[in-house]
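Student: Here the protein sequences come in this chain order: C and S.
Read in our numbering, the first sequence has 268 at position 268, and its numbers run on one by one without any break.
Read in our numbering, the second sequence has 20 at position 20, and its numbers run on one by one without any break.
Take these hints with a grain of salt, some might be off.
Stated by the list, open to error - Simulated pairs of lysine to aspartate or glutamate, DMTMM-like, Cα-Cα distance not exceeding 25 Å:
#1 Lys55(S) x Asp127(C)
#2 Lys60(S) x Glu94(C)
#3 Lys55(S) x Glu170(C)
#4 Lys60(S) x Asp143(C)
#5 Lys44(S) x Asp127(C)
#6 Lys208(C) x Asp250(C)
#7 Lys60(S) x Glu163(C)
#8 Lys48(S) x Asp172(C)
#9 Lys55(S) x Glu264(C)
#10 Lys60(S) x Glu264(C)
#11 Lys48(C) x Glu169(C)
#12 Lys48(C) x Asp213(C)
#13 Lys44(S) x Glu94(C)
#14 Lys91(C) x Asp165(S)
#15 Lys48(S) x Glu170(C)
Bear in mind the hints are in silico, worked out from the structure with no lab data behind them.
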Amino acid sequence: MPKLMGTVLLLILTLPLAFGACSSKDVQAKKRTVTVAGSTSVMPFTEKLAEHFMIDHRDFIVEVQGGGSTAGIQACLNGTVNIGMSSRQLKGEENILNQIIICYDGISLVLNPANPITNLSLKDVRDIFSGKIKNWKELGWIDRSIDAVTREEGSGTRGSFEELVMTDEEIDDGIMVQDSNGSVKEVVATDPYAIGYISLGLVDDKVKAVIIDGVEPSIDTIKLGQYKIVRPFLYVTREGLDDSAREFIDFVLSAAGQNVLKMEGLISVHD
Amino acid sequence: MIKKALTKEHFVKYILTAFALSSLLFLFLIFIFILSEGIPLFHKVGLKNIIFGFKWAPTKGSFGIFPMIVSSFLVTFGALMVGAPLGLSCAIYLSEYSGKKLKLFLKPALELLAGIPSVVYGFLGVIYIVPLVRNFLGGPGFSLLATSIILGVMIFPTVISISFDALMSVPKTYREGSFAMGATKWQTIYKVIIPSARSGILASFILGMGRAIGETMAVIMVAGNALRIPTSILDPLRTLTSNIALELAYATGDHRLGLFSTGVVLLVIIMILNYIATFAIRRRVLK
Chain C
1 MPKLMGTVLL LILTLPLAFG ACSSKDVQAK KRTVTVAGST SVMPFTEKLA
51 EHFMIDHRDF IVEVQGGGST AGIQACLNGT VNIGMSSRQL KGEENILNQI
101 IICYDGISLV LNPANPITNL SLKDVRDIFS GKIKNWKELG WIDRSIDAVT
151 REEGSGTRGS FEELVMTDEE IDDGIMVQDS NGSVKEVVAT DPYAIGYISL
201 GLVDDKVKAV IIDGVEPSID TIKLGQYKIV RPFLYVTREG LDDSAREFID
251 FVLSAAGQNV LKMEGLISVH D
Chain S
1 MIKKALTKEH FVKYILTAFA LSSLLFLFLI FIFILSEGIP LFHKVGLKNI
51 IFGFKWAPTK GSFGIFPMIV SSFLVTFGAL MVGAPLGLSC AIYLSEYSGK
101 KLKLFLKPAL ELLAGIPSVV YGFLGVIYIV PLVRNFLGGP GFSLLATSII
151 LGVMIFPTVI SISFDALMSV PKTYREGSFA MGATKWQTIY KVIIPSARSG
201 ILASFILGMG RAIGETMAVI MVAGNALRIP TSILDPLRTL TSNIALELAY
251 ATGDHRLGLF STGVVLLVII MILNYIATFA IRRRVLK
């Protein structure tokens with residue numbers, strides 16, 4: 001009996017060594033696989049597109065992963081994935097990749113529904129985030145400090161916000177930072193004195209979208225070119241894209257694919 | 001037969017040695033990895049500009065992490081303010097006052113507290129502590145105070161278990177001697193037991209600090225992550241650990257290296273803390 005236990009123990013001890021030796025075979029060999037990774041802003045929409053795509057194309061598997069714009073672009077550059085997703089423009093050496101604009105997304109300033117302010121000028125927003133306006137009193141509400149929330153350095157949404165709203169001014173160091181659209185929304189939804197910015201497609205009744213310079217952020221105002229805080233969502237690919245990935249991208253740009261994006265509150269490239 | 005048994009003995013011994021050494025290997029690999037990724041930026045930007053720089057704008061070439069170093073120490077100190085008195089009182093109660101039955105119940109409960117994942121603490125902080133701070137004290141609620149409270153509760157089990165061991169290791173004869181001199185129970189605790197367990201209690205505080213300074217998830221959720229040194233306990237702040245976790249997803253090039261440099265600084269701070277803690281414990285054992 002002790003001998004048996006000794007053998008078992010030995011087996012357990014050597015088990016991790018054995019694991020390294022065997023590799024898993026591809027079970028889905030017959031299926032055609034497309035791998036997509038990148039921006040967490042684009043990811044939920046790509047997942048929706050993949051679902052719809054796979055209904056009609058049963059022999060396809062589209063694998064969607066997050067990781068952030070930069071991670072997606074890097075993964076595409078070194079060939080780990082077929083398609084990278086990005087919510088920011090390519091920089092420097094990244095420009096060797098092909099970029100495909102799949103849709104446009106507005107960035108909406110959001111307030112807590114309890115906040116009576118509905119309308120801000122672009123300059124007000126700039127002054128809040130650069131730390132020049134610190135109190136709601138200056139904007140005609142109560143005497144209470146503004147709890148502004150921004151995104152972390154490197155985020156695609158922050159990059160677009162800096163470019164489109166802050167222009168040449170810097171976001172103040174005293175401003176709170178959250179690391180996803182969801183966290184920003186959560187802070188604004190629970191704090192009556194907060195202001196933040198998130199993707200327009202993610203605005204719901206937990207938060208209130210701010211009218212900027214008299215223009216309400218919506219798909220219509222963006223199409224008419226009135227609402228200015230808009231950024232492209234990109235797919236990036238290397239030269240020599242394989243057919244499966246090409247087919248998926250063709251679907252995304254087709255009327256059916258664009259319709260899926262429209263349903264999610266994004267703006268089609270055809271409009 | 002005996003020879004066969006002996007070879008097997010040796011085999012087992014070598015296997016176990018190999019596994020035991022692999023932990024050392026991991027430590028070594030982590031060191032090499034963090035240093036090799038983090039050091040180049042110190043060369044490029046300069047040690048002084050990183051450690052004493054006030055501006056963190058890695059995409060624009062500023063890599064100052066001084067506010068984060070200060071903030072890390074502030075939350076650690078705050079956590080100690082909350083966790084140390086609570087933990088020490090609890091340890092004193094457990095070792096000196098509580099009956100055997102209660103001890104049997106309390107100890108596992110406290111160990112369970114140590115096993116709760118940090119994201120759960122963070123979540124509770126966001127849902128309950130942050131709104132409480134915002135509504136009753138002002139500010140955004142995401143603050144030094146909220147972070148200190150959450151971290152204080154998190155280091156509570158560490159402080160208790162180590163200072164409890166220290167108190168229990170004070171020989172019974174000390175207590176008896178003190179009682180024989182006519183001292184009351186509290187006088188005995190205050191004048192005899194705590195001073196003799198001092199280094200162990202100190203070690204529990206330092207290990208608690210190590211836990212607090214290394215905590216990431218819960219801190220990201222309640223600290224607000226602003227880049228400035230807080231001027232009041234109601235201001236948001238960003239620690240070294242949250243800086244890495246917050247920005248790693250989108251970081252490339254020098255930005256990424258900057259995060260590794262943050263890691264190097266963190267590693268050095270934690271090594272110093274651990275060294276002080278082992279020093280304190282060893283002194284106790286030698287005594």
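Student: A separate judgement is required for each hint: does it hold in the structure or not?
Tutor: Okay, the hints, checked on the actual structure:
For the hint pairing Lys55(S) with Asp127(C), the CA-to-CA distance comes to about 20 Å; that is within 25 Å, so the pair holds. About 18 Å separates the Cα atoms of Lys60(S) and Glu94(C), which keeps this hinted pair within 25 Å; it holds. Using a Cα cut-off of 25 Å, the hinted pair Lys55(S) and Glu170(C) holds, with the two alpha carbons roughly 12 Å apart. Annotation: proposed proximity of Lys60(S) to Asp143(C) is violated, straight-line Cα distance about 35 Å (limit 25 Å).
Distance restraint check for Lys44(S) and Asp127(C): the Cα-Cα separation of roughly 34 Å exceeds the 25 Å cut-off, and the hinted pair is therefore not satisfied. For the suggested pair Lys208(C) and Asp250(C), the alpha carbons sit about 35 Å apart, so the restraint of at most 25 Å is broken. Among the hinted pairs, Lys60(S) with Glu163(C) is consistent with the structure: their alpha-carbon atoms are about 14 Å apart, no more than 25 Å. Our distance criterion of 25 Å between C-alpha atoms is met by Lys48(S) and Asp172(C), whose separation comes to about 23 Å.
Taking the CA atoms of Lys55(S) and Glu264(C), the gap is near 39 Å; set against the 25 Å cutoff, the hint is violated. Of the supplied pair hints, the one linking Lys60(S) and Glu264(C) is violated, its CA atoms being roughly 34 Å apart against a limit of 25 Å. Taking the CA atoms of Lys48(C) and Glu169(C), the gap is near 36 Å; set against the 25 Å cutoff, the hint is violated. This hinted pair does not check out: Lys48(C) and Asp213(C) have alpha carbons roughly 33 Å apart, beyond 25 Å.
With a CA separation close to 23 Å, the supplied pair Lys44(S) and Glu94(C) stays within the 25 Å bound. Proposed proximity of Lys91(C) and Asp165(S) is contradicted: the alpha carbons are some 57 Å apart, above 25 Å. A distance of roughly 24 Å separates the Cα atoms of Lys48(S) and Glu170(C); the hinted pair therefore holds under the 25 Å criterion.
Hint violations for this structure: numbers 4, 5, 6, 9, 10, 11, 12, 14, all remaining hints satisfied.
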